[in-house]
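Novice: Sequence:
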Amino acid sequence: MQVILLERVEKLGQMGDEVKVKDGFARNYLLPEKKALRATKANREFFTTQKAQLEANNLERKKDAEAVSAKLSGKIFVLLRQAGDRGQLYGSVSPRDIADAITAGGFTVSRTQVPLDKAIKNIGLVPVFVVLHPEVRVPVTVNVARTEDEAERQARGEDVLSEKTEAEEAVMAAEALFEEGAGPKEDGEAAAEGGTADE
Numbered sequence: 000m001q002v003i004l005l006e007r008v009e010k011l012g013q014m015g016d017e018v019k020v021k022d023g024f025a026r027n028y029l030l031p032e033k034k035a036l037r038a039t040k041a042n043r044e045f046f047t048t049q050k051a052q053l054e055a056n057n058l059e060r061k062k063d064a065e066a067v068s069a070k071l072s073g074k075i076f077v078l079l080r081q082a083g084d085r086g087q088l089y090g091s092v093s094p095r096d097i098a099d100a101i102t103a104g105g106f107t108v109s110r111t112q113v114p115l116d117k118a119i120k121n122i123g124l125v126p127v128f129v130v131l132h133p134e135v136r137v138p139v140t141v142n143v144a145r146t147e148d149e150a151e152r153q154a155r156g157e158d159v160l161s162e163k164t165e166a167e168e169a170v171m172a173a174e175a176l177f178e179e180g181a182g183p184k185e186d187g188e189a190a191a192e193g194g195t196a197d198e
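Each residue of the sequence shown is one higher than the one before, counting from 0 in numbering that gives the first Met the number 0.
Honestly, I wouldn't trust all of these hints.
Derived lysine to aspartate or glutamate pairs resembling EDC-like cross-links, with alpha carbons at most 16 Å apart [said to hold, decoys possible]:
#1 K34 with E134
#2 K74 with E151
#3 K10 with E134
#4 K34 with E17
In short, the hints are calculated from the structure, not lab data.
Work out the full structure: start from the sequences and follow the hints.
Specialist: Here it is as structure tokens:
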């Protein structure tokens with residue numbers, strides 16, 4: 000289906016471009032979201048008469064997005080989740096979770112404005128972009144941690160997973176030392192028992 004874009008759409012084109020898209024994409028996303036019009040003669044004429052108004056509206060929305068962007072840029076949002084000793088989450092952090100955290104922080108963001116290449120499945124500081132406008136992407140950081148204390152330590156730059164690993168290694172070394180100490184003692188006891196049996 001041929002459509003005329005009413006705003007910039009990532010990976011498709013700029014406002015006013017006439018592009019060919021799959022019918023389902025046009026019917027289910029572009030047309031209902033008012034991001035495009037079917038490329039008919041009447042719609043082409045409508046677009047040429049309304050182009051100045053559409054561009055002015057787009058410019059106003061972009062300015063609003065840039066104003067919010069200035070306040071939102073570089074912020075850190077903390078998400079507390081349960082995770083194993085190695086930092087792997089029991090579940091994952093989705094765009095909806097991030098959008099809810101940003102909204103709780105005083106900004107209005109929907110899950111569709113938080114595109115993730117893949118779900119977040121480990122604790123740590125994760126850089127994420129929030130798309131406030133097709134031309135305005137804002138970098139924020141999501142701090143995924145098990146506790147508030149751990150989140151603060153991660154924010155300071157401490158590696159909470161390596162500390163856990165060092166503690167685990169110390170416990171394993173102590174267990175190995177205990178087992179080594181127990182081994183010769185058992186041999187000595189066996190020799191002593193064997194000596195008494197011979198007499």
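Novice: Work down the list of hints and note, for each, if the structure agrees.
Specialist: Hint-by-hint comparison with the structure:
At roughly 14 Å between alpha-carbon atoms, K34 and E134 fall within 16 Å of each other, so this suggested pair holds. The hinted pair formed by K74 and E151 meets the criterion: a straight-line CA distance of about 14 Å does not exceed 16 Å. Of the pairs offered as hints, the one joining K10 and E134 holds, with about 12 Å between alpha carbons and a cut-off of 16 Å not exceeded. This hinted pair checks out: K34 and E17 have alpha carbons roughly 12 Å apart, not beyond 16 Å.
The structure is consistent with each of the numbered hints, conforming to all of them.
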